[in-house]
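Enquirer: Spelled out from the first residue to the last, the chains are:
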Amino acid sequence: MSSQAINSSVTLATRPFSMDKLNGGQKLAIHYFTVAMILFIAQLLFGLLAGMQYLMPDFLYNTLDFNVNRMVHINAMIVWMLYGFIGSIYWFLEDESGVEIVGLKLGKIAFWVLTVAVTIVVLVYLLVQTGSGTERSIWLINEGREYIEAPRWADIGIVAVMLVFFYNVAATFSKGKWSGIAGVLTLDLIALAGLYIAGMFYTTNISVDQYWWWWVIHLWVEATWEVLVGCIMAWSLMTLLGVRRKIVQTWLYIEVALMFGSGILGLGHHYFWIGTPEYWLTIGGFFSALEPIPLVAMVVHSIYDSGVHHFKTRNHPAFAWIIAHAFGNFFGAGVWGFMHTLPQINLYTHGTQWSASHGHLAFFGAYATINIAFFYLAVQKMRDDCWMGGNMPDNGWKWKAAMVLLNLGVVGMTVALLIAGYEQSFIERAVEGSSWGGYFAAQSHPWFIQAMTWRMVFGVMTFIGGILLFWDLLTIGKTEPRTAEVASQ
Amino acid sequence: MNENHPVWASENFWKKVAVWVTAGSFVVLIFLTFDSMSQITAGGSRVPAYSVINKKVTYRFDKNKNRYQPVILDQDEPLFGQMLDEKQAYELINLGKLTIQAKNCMNCHTLLGNGAYYAPDLTKAWLDQGWGTSASREALMLQFLQNPEKYARTYGTNRKMPQLGITEQEAKGIIAYLKWMSTIDTNGFPHNFAAIDAEED
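Chains as they are written, first to last, in the numbering used here: chain R, 1 to 489; chain C, 1 to 201.
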């Protein structure tokens with residue numbers, strides 16, 4: 001049966017945060033989730049600063065320039081999502097394997113090493129910002145490659161921490177029991193860690209540089225990250241709705257086949273214009289056009305399973321964010337990606353605000369959502385398994401409002417950026433032929449400025465949603481008298 | 001539930017499909033990577049050798065290919081008046097690349113269309129008509145890169161490049177890098193771009 005019902009016989013005035021019910025992995029996960037949430041707020045804050053500079057170019061000029069704000073914005077995003085994923089996996093590792101985590105102490109050390117490293121990297125980004133044209137700058141300050149700007153010393157630290165994480169996952173499943181989810185997850189983590197190494201060398205040749213850079217970026221976010229969230233989603237559906245393992249695992253394999261079948265060669269849609277051979281136009285166009293298919297599969301099965309189980313769940317905020325993930329992933333990564341993936345249109349849209357539009361909806365829809373779902377699972381357990389629904393003492397207004405503000409804010413930014421992207425594609429690219437004069441003609445066009453103004457409005461909305469989410473995570477369930485029924489499958 | 005479901009609905013079937021599809025796709029990618037690398041190595045068929053910066057280069061519509069194409073003209077145009085051998089050219093361009101990374105250019109500009117969208121694309125910046133004529137170009141670029149605030153080129157937007165402390169030698173490296181990058185065959189990206197001195201060609 002599904003797990004949802006509430007037990008009104010337990011009445012508590014307040015439920016303080018408590019780690020008593022958490023297993024070792026879950027305690028470690030709380031550390032990861034805390035840093036993730038702080039970095040999420042940092043991401044939103046630096047996004048606001050960068051967005052403001054489009055409207056007021058003098059704002060923080062020569063102090064915190066756009067390149068610094070934008071770098072912190074996208075790096076905070078990548079890192080908080082990784083923290084969220086690692087936390088989510090530690091969250092269910094002991095339940096899924098049936099044994100205690102093998103190297104929990106090592107995992108804790110790795111967490112602190114990573115967190116200290118991230119702090120130093122961010123401080124150097126903000127205080128040192130740039131260096132001279134030497135390899136030393138790349139090792140110590142900033143690698144200057146979008147998304148993987150972290151200096152080389154930090155890269156080595158990240159790989160070491162990922163190896164500890166991988167060891168904990170693989171060794172714990174080996175000691176306990178393997179499952180379909182465990183197998184897919186372990187193999188996916190090998191790929192995920194291995195791919196990062198493809199971005200860890202310097203080369204003069206920009207075509208070679210970008211070729212391998214895309215191995216990291218694309219094969220992370222459009223392949224291995226997608227499979228990772230597929231695993232997390234599979235476990236979530238079992239936990240939240242009580243879906244049978246055989247069903248979620250069969251879907252997981254289907255998704256892996258479709259995801260890697262389209263995504264690995266779909267990498268070619270980044271090889272249209274970087275100097276790589278012409279055959280990538282055909283291969284990249286064809287396979288990347290197939291990339292939305294696994295995302296449709298994810299929507300279909302999550303919604304179907306939800307219907308079968310009558311949407312009965314013990315944690316409504318988490319479940320609502322899981323559904324937001326299914327749709328956000330499909331629209332953000334799938335539809336918004338497909339819209340400009342064919343080379344015939346990408347010739348004009350490549351390197352315009354189209355990419356920013358797609359990026360905002362895809363990262364939020366595919367990855368922010370599912371991490372937020374896990375934050376709610378975690379606080380529920382820390383509140384002694386309290387009931388979490390729409391009829392909480394304060395009507396759950398905070399989780400509902402945070403959800404509306406975050407989703408509406410990101411969708412609003414996405415649409416505004418899409419309009420800016422259309423305008424840029426027409427005026428800068430098609431008409432003016434991508435010259436500098438054409439670029440600025442497009443940037444000063446009223447349509448562009450209006451779009452950027454609306455992006456700012458929705459950016460502020462997203463930020464308020466983020467703050468509200470933070471507040472809700474700290475307070476939800478505190479005065480909830482009812483205890484949620486323990487999940488059963 | 002009936003466990004005698006057809007093969008296509010079984011967990012085991014999809015497990016095998018997932019393994020074979022993933023492995024197959026990866027093998028194809030490896031094969032294409034070797035082929036691509038052979039073509040995009042500097043001096044290969046699509047990415048010219050670094051000493052191309054000794055030549056006059058442009059970007060024209062190719063009627064046969066029906067797209068724009070970089071053209072290396074049979075005319076010397078040494079950068080800063082100095083012919084460089086392949087090693088010297090590499091060293092200058094390498095300094096440019098290191099500077100471009102260390103100054104975090106990619107978080108405002110795009111290079112080959114990749115990066116951020118706060119400042120113009122640099123793919124064909126060397127050939128941009130914004131520099132006036134090829135005679136004035138080198139001096140203007142040097143001046144601009146070393147003091148972008150004073151010599152700001154904002155086209156009325158007030159969006160200025162920040163002061164990044166670029167030295168004269170680093171600026172020369174960046175310019176060499178931009179000239180070399182403009183000769184990479186990018187399959188017609190950007191489209192409809194009118195190169196500097198185009199009317200002379």
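Hints listed in this document are in silico derivations from the structure and should not be mistaken for laboratory results. Among the hints, a few may not be true.
[To be verified] When the alpha-carbon atoms are kept at most 30 Å apart in a straight line, the in silico BS3-like pairs for lysine-lysine are as follows:
1) Lys-63(C) with Lys-177(R)
2) Lys-150(C) with Lys-177(R)
3) Lys-246(R) with Lys-63(C)
4) Lys-105(R) with Lys-21(R)
[To be verified] Simulated restraints, written as ranges between beta carbons of each label pair:
5) Ile-464(R) with Arg-60(C): 28 to 38 Å
6) Val-335(R) with Pro-6(C): 27 to 37 Å
7) Arg-152(R) with Val-7(C): 47 to 57 Å
8) Ile-120(R) with Val-7(C): 49 to 59 Å
9) Asp-35(C) with Phe-201(R): 13 to 23 Å
10) Val-460(R) with Gln-88(C): 51 to 61 Å
[Said to hold, decoys possible] Derived contacts from chain R toward chain C, CB cut-off under 10 Å, selection only:
11) His-31
12) Glu-143
13) Val-159
14) Met-162
15) Ile-264
16) Phe-272
17) Pro-277
18) Gly-351
Keep in mind that this is a model prediction, so the values were computed, not measured. Glycine included, C-beta positions come from ideal geometry on N, C-alpha and C.
Enquirer: Run the structure past the numbered hints and jot down the numbers of the failing ones, going up.
Expert: 1, 2, 3, 5, 11, 13, 14
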